[in-house]
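*Asks:* Now for the letters of each chain:
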Amino acid sequence: MSTALESNIRIQQEDFVVTDEIETIKKSSRNIGGITIFLGTGRELSKGENISKLNFEHYPKMAEKKLEEIRTQAIKDYGIIEMIIIHRIGEIDIGENIVLIIAAGEHRKETFNACEWAIAELKRTTPIWKKETTSNGEVWVQDTP
Amino acid sequence: MITVKYFASLRSIAGKDEDQFHMGTETNLTNLSQEISKTAPIIGEMILGKKILVSVNLDVASFDTIIKDGDEVALLPPFSGGI
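Going down the list, the protein sequences come from chains V and S. Note that my numbering has the first sequence beginning at 15, numbered continuously upward. Note that my numbering has the second sequence beginning at 20, numbered continuously upward.
Just so you know, the hints here were simulated from the structure itself, not pulled from any lab data. Careful: at least some of the hints might be erroneous.
[As the list claims (entries may be wrong)] One side of the interface only, derived from the structure: several residues of chain V facing chain S at Cβ under 10 Å:
1) Gln26
2) His72
3) Ile112
4) Ile133
5) Pro141
The structure displayed is predicted, hence computed values, not measured ones. Glycine included, C-beta positions come from ideal geometry on N, C-alpha and C.
Given the sequences, and given the hints that come with them, work out the whole structure.
*Replies:* Structure (structure tokens):
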């Protein structure tokens, strides 16, 4: 189930295929010469505890709105050509994909910078929450570095 | 009627997904938090102590924001998306 406002911004339960998304962004311009990818995945260890399961929740409409603002600002401020942002919600197992950001531009430097800024901005401004399940129970994470 | 949505840890505290409050034609966040405190005092304190963000119709609100009848208010604990 996708709740996309448009195809380059998606919040969805289902997994994504990184190579498919790279091909999609490459088709957006023949002037793309550099692509930077950030892929976030579910890790087993958090603050010394073994996590068995992750669960992500979002505020529909506001979360998509924030991701679109990040995409638009990244294109404007960093001079990249296109950006794709996908975040999964629902139950996610260890090792599975969580978030994907792809920045495409004419040269590498602006895509590195845009990608790094975008993931930090996503964490800062986008109403998405993570719940971790450990042997001690479930806890909503409230501080992520 | 104003709809108040609770997310993540706040849903657990409130014990529900959302509430509805009759506050007249318009009010503000201070008045609304006082109303919320009647059933969930911890959440009211979080709002007044700025421990959580509040949005009105999908935009982050301040204590000066006018909240009108029919608006959607969301109480947003600290975000933890990404990894």
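*Asks:* Decide, hint by hint, whether the structure agrees.
*Replies:* To see whether the hints hold, each was checked on the structure:
1. Gln26: 14 Å, violated
2. His72: 7 Å, holds
3. Ile112: Holds - the Cβ of V/Ile112 comes within 10 Å of chain S, reaching about 6 Å at its closest.
4. Ile133: Holds, about 6 Å.
5. Pro141: 5 Å, holds
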